[in-house]
Amino acid sequence: MKEPFTEDWTPFEKQVAGALKEAGAYTHTPDIAPPDEARLGRAFLHWLVTTTDLSRPVLHIEGVTFPDPCDLRAYASDHHFEFVDCRFPEDLDLRHLRVRQLIFDRCRFEKTVHLNGAKIEQGIIANNAHFHELVLQAADLGGNLELTNTVIDLPLRAYQLRVGKSLFLRDGARFAGANLANAQIGTHCQFRGASVSGELDLTGAVIGGELQFGQAGAPPISWSEGASLSLRNVRAQTFGARLSDFRSGERYVPVDLAGFTFEGFATANLADNYSLAHESPKELLRWLKASEQASSVFDPKPYFGLAQALERAGQRESARRVRIGLGWRHAAKANISPLARIGQFMSGAFIGFGHAPWKALSLFMLVFLAGMAHAYMASFGTDFTVLKSSVVVDAARISLENSIPLVEFSNVPDRDLCQQAGAAACRTVSNWNYLLFDIQKILSLLLASYFVAAVTGYATTRRTD
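Sequential numbering of the sequence shown, starting at -3, is according to this note's numbering.
Check each hint, because a few of them may be wrong.
What the hints assert, rightly or not - With a straight-line Cα cutoff of 20 Å, these simulated EDC-like cross-link-like pairs (lysine to aspartate or glutamate) come out:
#1 K278 <-> E246
#2 K107 <-> D89
#3 K297 <-> E279
To be verified - Okay, the calculated beta carbon distance ranges per label pair:
#4 E221 <-> G14: 44 to 54 Å
#5 R282 <-> P30: 54 to 64 Å
#6 S220 <-> G339: 39 to 49 Å
#7 K278 <-> A345: 17 to 27 Å
#8 G245 <-> L335: 39 to 49 Å
#9 T452 <-> G168: 50 to 60 Å
Hints were generated in silico from the structure; no laboratory data involved. Just so you know, these numbers come straight off a predicted model, no measurement behind them. Backbone N, C-alpha and C fix where the C-beta goes; we use that ideal spot for every residue, glycine too.
With the sequences and hints as input, model every part of the structure.
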């Protein structure tokens, strides 16, 4: 069989090629050659990707340096390539490369690694690695993209990335932001325990599993000054996080939640009491309100999605309060007419936008008691020497008749209660007093109408356009 060696290869390159041909693996140790001699040139790397002389499906190289810039654009190979603890001081151009798998564990890349449009059948694993710049724009990875405890000096460029399984930028990963806009992730997308110093942009991403920013036992994400997060129009199956994962000091990291939707909270997070379902509704609303600063148009989707997820998790009271919070934000921020805005505010004050109909009953009782006190004081002022049961009953009946104006009561006492007391204690019932009686009727009618609307479900129907 013809040997794959060429005349211009170094003895070390020939030694590595022989090991790959025989065992499919080469691991460098200092006793084999000094570190500065453990170098594989551009020609060797081209041969490695294009040769048909290597029968092993997995090729493993560990502990060597590839000193030259290398252009492997559009090359194809049926091998799995494992580069472990290797050094790449120059650019590595792998655009549109077609291989089975790439492993770069503990590797150091001192210039740019271009993987634009690459198709890696079983994904890329680069745990504990260090990249100066990594470009994965429009790459197609059939397996995972694993960057656990990996450092990326410049922002990760992975616009329109497709990952068949999971994306892991977690557990000590440090990166200066990432452009993952319109990425498609087959299962999970995890950032727990990472450090972010720029914009993490997931705009338009579709995630088939869990979008995870935190997990029980893992430290919260570390956001540096100026870091931000965009989840605009992101769709995820589940969401795993606590509010502490979105804080930088005492403030929340700027986050864009417009159009963000998810089905529920991750089961494991719920079991460990580590999810947004375990946060106070007040803090959840504060976080949602802070996210509105990123958008010029009010978007109710984050409120709807969070409320639905809370309800599925059994947190009905929290879900109800989030929906009420949505009503107040919609009344304040939505692009609606002044009359509609007034109606929204009244709905919130009287029945909690349909989610707290008992408020109407409480207010109705307050109006009734106020009307009862007014009926007494309209005739006697603050003179309580004439207070007796018959006067109290008549005042209550007057207030009840005003509170339920559509019901005709029998033998309603006159609004002037002077007949029940001596002439010295009487006051003349003025037109202002009669006006207050009329206002009581209007308020009571409004409260009753809103209550009926709430319990029949009409007040919970909203227009968001």
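Exercise. Compare the structure with the hints numbered earlier in the document and write down the numbers of the violated ones, lowest to highest.
Key: Violated hints: none at all, because every hint is consistent with the structure.
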